[in-house]
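Chains as they are written, first to last, in the working numbering: chain A, 221 to 486; chain B, 2 to 268.
Derived from the structure by calculation, the hints contain no laboratory data.
Glycine is no exception: its CB is placed at the ideal position from the N, C-alpha and C atoms.
A hint or two may mislead.
[To be verified] The following residues of chain B were derived to be distant from chain A, with all beta-carbon distances above 10 Å:
hint, residue
1, I121
2, R133
3, S224
4, P249
[As the list claims (entries may be wrong)] If you anchor each label on the Cβ, the simulated ranges turn out as follows:
hint, chain 1, residue 1, chain 2, residue 2, range
5, B, Y176, A, Y243, 45 to 55 Å
6, B, Q75, A, D416, 53 to 63 Å
7, A, W266, B, Q75, 24 to 34 Å
[Said to hold, decoys possible] A few chain B residues that face chain A, going by a derived Cβ cut-off under 10 Å, partial list only:
hint, residue
8, T71
9, Q75
10, G92
11, L245
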Amino acid sequence: MRALRVPLNALRAAIEFVGGMGYLFLDTLGAVRPGLLGHKGRRLGWANVWAQMVRVGVRAIPIVALVLFCIGAILSFQMVPILRNYGIQSQIADIIAIAVCREIGPLVAAIVLTGFAGASIAAEIGTMVVSEEIEALEAMAIPPVRFLVLPRFFATVVMTICLTVVGDLVGMGGGLVVSASALGINPDLYMSRTFDMLQLKDFLTGLVKAGVFGGIISLLACYLGLAVTGGAQGVGRATTRTVVLTIVMLIFVDLLFTTTFYVLDL
Amino acid sequence: MSSPAIQVQHVSKSFGGHAVLDDVDLDVLDGETLVILGGSGSGKSTLLRLMMGNQRPDRGKVRALGRDLTAMTQRELADYRKSIGVLFQGGALFNSMTVADNVALPLREHTDLAEETLRIVVKIKLELVGLREHADKMPAQLSGGMKKRAALARAIALDPRILFYDEPSAGLDPYTSAEIDQLISDLNRKLGVTSVVVTHEMDSAFRIASRMALLDRGRFVFSGTPAEIRESADPLVRQFVFALPEGPLTERRRAGGYEVDLLNGAI
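If we strip away everything but chain A, and leave its shape as in the complex, we get:
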């Protein structure tokens, strides 16, 4: 029996975690209607969502751009010599377009946002728990999910998608700059190959992923923030756990998506 206790406890914790996240997700969806259509004072103020979007995303734009530019450049340097062996070096444009739009763009944007948005949301909400602000909301009959989680969820989903679009463009740009300037590939050819190869679905599946990633980042951060116990130390712990768990979860969900898209031939 004792040998079973550790795995059983771990299983229970995992079920609790998944259940809690699921509950928070449903609660957030349930808050959408009153948040958009409800009584004036309860409506999700655009000023509020905008403030969250600025805080979540705007400062992350240069970082996402820088990282994806570098990744585009790295991919060129790594792939062009191999492709050249087969005499198909101009196909670097296809590879970068597909890899960045379908995979690297959404994933990198989400990981950068985990640091920007996830950590700060978890710390902010955790601090609010410690200073009894969440309890005060409840005592005033204001649902914390509608008041705090919904605007952050919405802002993070939208900003992850926006950042992915920026990242996709800059990533392909990075590939173009390096291929043309250092690897002797005709930039016009690169451009035309990119536009020929890249289908709308490549771009869109990336954006769908990005939206889901944004949801994961904000919900995990809110969930772990709301679950804070034990003062400043608890806030620190929640912030660390948010970043680590989110990154693991993002990559796992990415795998699920890619598998699904592969099976469905999307």
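Since chain A is already given, all that's left is putting chain B on it; use the hints.
Just chain B now, kept in the frame of chain A:
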């Protein structure tokens, strides 16, 4: 004899196998200021949260304003919460909003007041706590006492029938604490609300209480007027009220099995 605003009946609550409240009964009468006294870990904060509807008891009933809190749906509970106000220990103001916006928040959420009317109501509430000229400050710019007063203005925004105070003098210097106590008494008189105050500060308790109840290890050991508690012969009550260094409370701590602990440690 006024009717009770809150009735706590045979309530028990435990956390992780540890009984925090053990078969507690309490009536809070309409319009009175009841001070619940007790040391750390006596269960007074838990009792407060049960009366606010933020927690549910394991056993027993909590009736407030004539209705059973323990049998309420979320929606009914939300309605109940619109008729109570709570002053939290640290004030629990929202740091990203001005003082005026903090006070306006419950009004924006739960009323249809036009923005101009709302501003007038906020001014009235802030004037009641003496903070009208600080309306546009952020909470971080306020002192501890001012934060409490701003939080109190927010708590009375919806004209509650019951006000709960969690350690109102915690973290305040003696004269600011006295000022807050004065404010609590004034509001109670002006607004005619029922007040429940949880504290362990006797000076503060004597200043505001119309009745006092002493909670010890999850049970009430005394309930009566401030005069009665002063005259109580019960050694435990006397030790708490007069802050005596010797008595049953310290005795209990000392009898915590020190010898056994030492001997066990030696083996």
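Results for each hint:
1. I121: Holds, because the least Cβ-Cβ distance between I121/B and chain A comes to about 16 Å, which exceeds 10 Å.
2. R133: 22 Å, holds
3. S224: 25 Å, holds
4. P249: 32 Å, holds
5. Y176/B with Y243/A: 45 to 55 Å: Because 47 Å falls inside the window, the suggested range holds.
6. Q75/B with D416/A: 53 to 63 Å: 56 Å, holds
7. W266/A with Q75/B: 24 to 34 Å: Given about 27 Å between the Cβ atoms, the range holds.
8. T71: 17 Å, violated
9. Q75: 9 Å, holds
10. G92: 8 Å, holds
11. L245: 32 Å, violated
The structure is inconsistent with the numbered hints 8, 11, although it conforms to all the rest.
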